[in-house]
Amino acid sequence: MKINSAKLIVEILDESTGELITREATLGDFKEPTKKTTTRTKKPKDEDPVAKLTLLEGKLQMNNAAVQMTGFEPEMKIDIKFEKKGRVTTPVMMEAESGNRLTKTYTISCRGSKHDNLAEYGDIFELIPYEGKEGYYKLKGNKEKEDDIIDVPEEISNPEEFDNDDDITSGDEVDVSDFDLDLDD
Amino acid sequence: MNFNFSNLSETSFSSNSGQYLKPYEIHTVNLTKIEKTELKGKDGTEYPVVALEFTGCGDSKGSYTHNLFIPTREEDMQRRTLKNANGHESEVASSFENFQYTLMQIVHALNPAGEEKIKANASKIKTIDQFIDLIIKALAGKEKVETNLKLVGRNNNGVIYSTLPNPCGINKKGEIFATNFIGDNLFFSNYELTQQKNYKNAKPTNMDKVESNPDEAEEVDLNDIEL
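So the sequence lines, in the order shown, correspond to chains A and B. Position 45, counted from 1, in the first sequence is what the numbering used here calls 45; the numbers after and before it change by one each time, with no gaps. Position 34, counted from 1, in the second sequence is what the numbering used here calls 219; the numbers after and before it change by one each time, with no gaps.
Only chain A is shown next, with the shape it has when bound in the complex (with noise of 0.2 Å):
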């Protein structure tokens, strides 16, 4: 249905005399007003009870799960810091002074040699809360990365090819047993 024109009726009573007088007045076309269609991507709902952040091009973006696990909210500074024991690095993320504010929609900027750094454990880390350390969460990455592989080489892995010529026990090196070392004698 569609409405081409309208008209105003407007009725005027003259207190005085009690006559009342009709007027009527179009007020031309008449035109709907357009409906702004705005289309609406849906995004997926996030359901996955475990606590995850994913790494995009820029960006890190946290899952339901972890926003409640952490219970960081927007406009706090968050950074991902990195642990080292031994040859293992681990990333840590953390609030920080140092860190990037988090977005009302739960993502952090994660840009350039940051983003490089991250992306070599992988684009989806789980966070594991750091025991004894309340709001640090490692990030576990679902990549291996090379460097934390320890190579062992060949002849320590395999004892039984030790060379046993050096043993200081073999042959006729002095057995260190045969002293008598009782010195209260």
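FYI, nobody ran anything at the bench for these hints, they're computed from the structure. Some hints could be false.
[Said to hold, decoys possible] Here are the simulated DSS-like pairs of lysine-lysine, each with C-alpha atoms no more than 27 Å apart in a straight line: (1) A:Lys114 with B:Lys327; (2) B:Lys382 with B:Lys207; (3) B:Lys327 with A:Lys133.
Given chain A's structure and the hints, the job is docking chain B onto it.
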């Protein structure tokens, strides 16, 4: 010939001297020495410093000595503004702020009760010497307390030497905040991790191409030492 083996019990047959704690590592250490001393510059000027000697324990072998320059000049109180490669300006802490944060963070790690006492008496401290004396007092007898120390690297003519990271930073609002280098909760920032990679991937210097200047090598260039 009589050989004397009586020294066996008292002698250490493995030397720790000459071994230095490596950069870009977190070491388990003792603070084995803290003293007020002087360091001679190229021109013969003596600069007052607080020398801090950390000695590795457990798996950390070697030692590291940090000479912390005692702020004496008016400009040591001023913050500086640095410009990065992208032209962004950022403020860095003053020498005095770095000095305070370095020493107080060490006291916090080794003697937290001492830190509280210093804070409680802050209004009574009038001179830098009084502050240093209090720090030395708070750290006396703590030589055997184990703690963790984060070392990063500083580049001096292509050679990377261990150094302490900055103990504090300045945010965009101009507020100062601590960045840990000793104690618990030690992590490497993204920048430090990138620097560490560069250090590990560095190729040995081609010594044939290096101009030797032994006189220069013996002198300390104060400009190369980060406060």
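These are the hints, each one checked on the structure:
1. A:Lys114 with B:Lys327: Judged against 27 Å, a Cα distance of about 38 Å means the pair is violated.
2. B:Lys382 with B:Lys207: holds (14 Å)
3. B:Lys327 with A:Lys133: holds (25 Å)
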